[in-house]
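Enquirer: Make one complex out of these two single chains by using the hints.
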Amino acid sequence: MKLLTHNMLTSHVKGVTKGYPLIIKATEVKVNELEFNAQFVSRMIPKLEWNALIQAAEWLGRSQDLPSTLIPNYENDEEFLHKVHRILLEVEVIEGCLQCPESGREFPISKGVPNMLLIEDE
Amino acid sequence: IVGCIRIHFLYCSVSGAHIMQELDEAVTIGATVPTGFEHTAAEEVQEKLEATARVSKNRGRIYFDITTDTLFKVHQLKSLDNLFVVVKDYDDYQFKTTKEEVQLDWQELAAKLPWTNALEVWKLNNSIKKRKGRRKRTNPTKSDQCGNFSTKSTDTVPSDPEELWVDLESLEVKENQRDVSSQPEDDSEEEKHSEIQDQESGVTPLKFRVTCNRAGDKHCFTSNDAARDFGGAVQEFFQWKADMTKFDVEVLLNIHNNEVVVGLALTVESLHRRNISHFGPTTLRSTLAYGMLRLCKPQVSDVIVDPMCGTGAIPLEGVMEWQNSFFLAGDNSGTAVSRSVNNIKHILKRTHDGGSSSGLPLDIVQWDLCNLPMRSSSVDIIITDMPFGKRMGSKKKNWELYPLCLREMARVCKPGTGKAVLLTQDKKCFLKALSQMEGLWRKSHTVWVNVGGLHAGVFVLKRTAVGHQDGNPGAY
Chain A
1 MKLLTHNMLT
11 SHVKGVTKGY
21 PLIIKATEVK
31 VNELEFNAQF
41 VSRMIPKLEW
51 NALIQAAEWL
61 GRSQDLPSTL
71 IPNYENDEEF
81 LHKVHRILLE
91 VEVIEGCLQC
101 PESGREFPIS
111 KGVPNMLLIE
121 DE
Chain B
1 IVGCIRIHFL
11 YCSVSGAHIM
21 QELDEAVTIG
31 ATVPTGFEHT
41 AAEEVQEKLE
51 ATARVSKNRG
61 RIYFDITTDT
71 LFKVHQLKSL
81 DNLFVVVKDY
91 DDYQFKTTKE
101 EVQLDWQELA
111 AKLPWTNALE
121 VWKLNNSIKK
131 RKGRRKRTNP
141 TKSDQCGNFS
151 TKSTDTVPSD
161 PEELWVDLES
171 LEVKENQRDV
181 SSQPEDDSEE
191 EKHSEIQDQE
201 SGVTPLKFRV
211 TCNRAGDKHC
221 FTSNDAARDF
231 GGAVQEFFQW
241 KADMTKFDVE
251 VLLNIHNNEV
261 VVGLALTVES
271 LHRRNISHFG
281 PTTLRSTLAY
291 GMLRLCKPQV
301 SDVIVDPMCG
311 TGAIPLEGVM
321 EWQNSFFLAG
331 DNSGTAVSRS
341 VNNIKHILKR
351 THDGGSSSGL
361 PLDIVQWDLC
371 NLPMRSSSVD
381 IIITDMPFGK
391 RMGSKKKNWE
401 LYPLCLREMA
411 RVCKPGTGKA
421 VLLTQDKKCF
431 LKALSQMEGL
441 WRKSHTVWVN
451 VGGLHAGVFV
461 LKRTAVGHQD
471 GNPGAY
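Which chain is which? The protein sequence lines are A and B, in order. Using UniProt numbering, the first residue of the first sequence is number 1, and each one after it goes up by one. Using UniProt numbering, the first residue of the second sequence is number 1, and each one after it goes up by one.
Calculated from the structure, these hints are not laboratory results. Where is the CB? At the ideal position from N, CA and C, for every residue including glycine. Just so you know, not all the hints are guaranteed correct.
As the list claims (entries may be wrong) - Taking lysine to aspartate or glutamate pairs in the DMTMM-like style, the calculated list, with each CA pair at most 20 Å apart, reads:
(1) B:Lys428 / B:Glu438
(2) B:Lys349 / A:Glu90
(3) A:Lys83 / A:Glu35
(4) A:Lys25 / A:Glu90
(5) B:Lys345 / A:Glu120
(6) B:Lys414 / A:Glu49
(7) B:Lys349 / A:Glu33
(8) A:Lys111 / A:Glu90
(9) B:Lys96 / B:Glu259
(10) B:Lys397 / A:Glu120
Stated by the list, open to error - Listing some non-contacts, in silico: residues in chain B with all C-beta distances to chain A over 10 Å:
(11) Tyr90
(12) Pro114
(13) Asp353
(14) Leu401
(15) Gly467
For reference, chain B alone in the conformation it holds in the complex (with noise of 0.2 Å):
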């Protein structure tokens, strides 16, 4: 039987030429989501899938069980960054004590393996992949990884606001930038390769390489040792061929303590989008969006406003989501501004496409968010990212312009009612800010996230009581 799944697997090629099976039978798959938002990202997977979700002790990681037939949908949903398929996890791995005899336990557990449903579900998702061409997400994660890669992102085809920004501007990169940079067409690169191996289908073996992601201080090797050792496991029972850039299958090595998690990736690393950290705190990803956009709860006719949404990633992510809610994005920048006017359109013009003539509950205005032209107490919800840099032109500071902000969040947001989620990095102003603010917030929540590299705090407030005073509109 070993035999078979050798020969079976060596040269298969990724076309799908061979005729998928439909299993329907029960997978586990893996999906990591940004850190801090394993609970919304469950719900979702609650919600959408009917699955509940386990959230691993390895943070920003969950798990669930889907038939395969549900694949699909798995691909749809917004809060998972990266998917997985498992081939066997081991949540006691005992761990030998020299790096030789790891080896050898390694190459052990490559020959035992159960790989050949998870290979399965893995051909079966490159015939999805092939399917659906039109959407594309990319999600740079960063590394509390000591893996081969410090930066991972997603090359599935769904889609994502932020790779429309990409398509439709040249490519611009700013400091402190919540703009997507440099990103060539993944969906032809990928199409390629495919195309290269049908011609050769039948002759060539696969291509693979082995991602590990270790963490843990009681271990004797390092990622690297792992991903080697194991590496070169799976290399000589399979026979297929490694190949760091042009691989076929991505094996997945996680170990957190005497967790081991083997699997194979379901979506594809897009390696030119590993350069984004050179440019400072990264765009906010789409899954990011989504998730702060749970935790606001949206309900039928809320107004949610974005007042610095930037190229709109947070409200285009919220009304392709919520479309009984009313969305209004604002931002100082004109350059700003037209870029969500044109996200917008484009996504419009998807949709007209797909044969929908609606549009779109949402509205763009520009202005000053320390001064917002809009009536007290008229907005149930404010989510944004708050990053302040050199985008804002002023000499003002943080110190400065959180309070102004906070303080004119609070004028226009419903007391009792409202609530706001901001995003910030800037956790010590922020909180210095907010206790200034004589009891207009109330802090609900916060949830710890990495971007970018950065350790930044979704901060969950609630709107009190607290009538704003009036007396200055200018002010505040």
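Next up, chain A with everything else stripped away, as it sits in the complex (with noise of 0.2 Å):
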């Protein structure tokens, strides 16, 4: 699971509304190169959750200086842009859980597919 994917998701236990961001609890994590798009992430940048996204970066340990606010013109800031892409697109958790903030139900991570699927009364 890549953080890109991490930023999208959200827990949806019933009854909860405080279920974003799903806190990551990462055994196996792995770096897998990604081609660099410079135009793919600039525009993609502005439709994440940037909180989550170091959030995120934090659990696994690798907030990378990754500044809390968006800095202006990122988009020509090539260093800051290669940073953004590692951690959205290179960072894989492949093993662990995704815990819903609220109820703390966990959600497992196996061979990096997370598992989000509840069972019938939950």
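Expert: Structure below.
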């Protein structure tokens, strides 16, 4: 699971209103190279919940001095874009779980795939 | 000259021990494409070959001119099912009114067609196919053809995610499946066949068959008649041997009212694929997945979700062509998910073997599509093949599920800019569900396609600016 995906995932346990972002508890993380595209990164940034991304990076111990608020003119900062690219697309949680911040319900991640299925009465 | 052609091609072996002359001449290539996707295919041809494609009146076919040095590129196109080189085409062929006269006409025709160039292209094509070796695509097409064969599939060597699944998994057949069912190694069969030819090179005449597709109500003959009679004429002319299964040359005779196109197949039929129709609606052809993806017009940084991905046909096809978008594939079935994972691994391994070390902008999640664990308005494009069958494992029917799905998709899709491209065979149910969506979706257009012999629709929807009701995240 890449952090770009994590940024879009939310808890949907019944009744939960503050199910985002899901807490990442990783037991295995891999870094897999992915071709960099500056345009992709700079266009993706405004679509992200930036705070959630910073939070996720912290949970993985990879804050990488990413700023907690976006700098102006980030589109032209190649070094910054590379950092964002890395954390969004190259750091992958292979094993672990995602935890709903409100209900505590844990969703396992196995072989890079989170299982978000709820049982019937959840 | 006629005698020369005969002898030249009588003993020509498939191995191409022959030195191939690069003609660099213009040739006309014909291609079959999923019906309804002629224009997206023409777009791809324009984009990648810079050739203008003509869409035939005979649906599901396009024609374009290339020079032979770009023939290998044609094989890399993703919209095309089967390829052939045009020997000649007539747009106003006058058929006689009795079978005997028509038969005589075929004989005359076979003798005077300009076979040479097309046969040279056919030979060149063989050497291209041998060189490729890695990838493979099979695309069973259904009969709106009244030809000799009700299903055709290609046996070229381009890549198709569907094929990989077969390589990896043991053959599993399900009803309403979207997985590929049985498939022996085409490559090895083809190689063996060529080897045999090699050994006997110079001594064995070419083997051929004629496949005829006929449409129109003014013909006094059937496609079988035409195939047989034209086949007889071809046999007499070339002194080739007719062989329905182990042929070297497949002569195509396409008759659509007064349009007649004679061609030579450049992609080979995989005969065992014919049985796939027994298993219900077929797997989603990669050409169809590709056509659907083109309809989305993926942009840089688009988030593209397939919420019922099965074994991943659509997202995998997508991620290989549009590497500047991000694909998220989900399914509720653990089996589907693990197959998708394996398919990705397989593709990654292949690209790594090819020298690239890059991963893919794709993730897989196991989820319930009626209750997506995703932030509202986070998705640019939703694209999926919507079969709801026994696979779901619950008693809910389409008429309950479709509205739930459409609502949930509307929630996650960006209002105003988002779109959905949805393939379904249950058109009635789909349209009804759509009408209940209170203006969340607007129909942009519909492409009618043929999937496994059944009429299906690819509905292209635009997400309107109407906000979804925030209320009960669980319900939708």
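Enquirer: If a hint holds in the structure, say so; if it does not, say that too.
Expert: Quick rundown of the hints versus the structure:
About 18 Å separates the Cα atoms of B:Lys428 and B:Glu438, which keeps this hinted pair within 20 Å; it holds. Distance check on the hinted pair: B:Lys349 and A:Glu90 sit about 17 Å apart at the alpha-carbon level, within 20 Å; holds. Our distance criterion of 20 Å between C-alpha atoms is met by A:Lys83 and A:Glu35, whose separation comes to about 13 Å. Restraint check for A:Lys25 and A:Glu90: satisfied, since their Cα atoms lie roughly 18 Å apart, inside the 20 Å limit.
A distance of roughly 32 Å separates the Cα atoms of B:Lys345 and A:Glu120; the hinted pair therefore is violated under the 20 Å criterion. Between B:Lys414 and A:Glu49, the direct Cα distance comes to roughly 15 Å. Compliance with the 20 Å bound is thereby established for this hinted pair. Note on B:Lys349 and A:Glu33: the hinted pairing holds, with a Cα-Cα distance of about 14 Å set against a maximum of 20 Å. Taking the CA atoms of A:Lys111 and A:Glu90, the gap is near 15 Å; set against the 20 Å cutoff, the hint holds.
For the hint pairing B:Lys96 with B:Glu259, the CA-to-CA distance comes to about 14 Å; that is within 20 Å, so the pair holds. Proximity of B:Lys397 to A:Glu120 is assessed by CA-CA distance (about 17 Å); at most 20 Å being required, the pair is judged to hold. A cut-off of 10 Å between C-beta atoms confirms that B:Tyr90 is not in contact with chain A; the least separation is 49 Å. Once the 10 Å rule is applied to beta carbons, B:Pro114 is consistent with being away from chain A; the minimum gap is 47 Å.
Listed as outside the interface, B:Asp353 is consistent with that label: its C-beta sits roughly 15 Å from the nearest C-beta of chain A, beyond the 10 Å cut-off. With 10 Å as the threshold on Cβ separation, the claim that B:Leu401 sits away from chain A holds: the shortest Cβ distance comes to roughly 16 Å. Every CB of chain A lies more than 10 Å from the CB of B:Gly467, the least distance being 17 Å, so the non-interface label holds.
Comparing the model with each earlier hint shows a violation of hint 5 alone; every other hint is respected.
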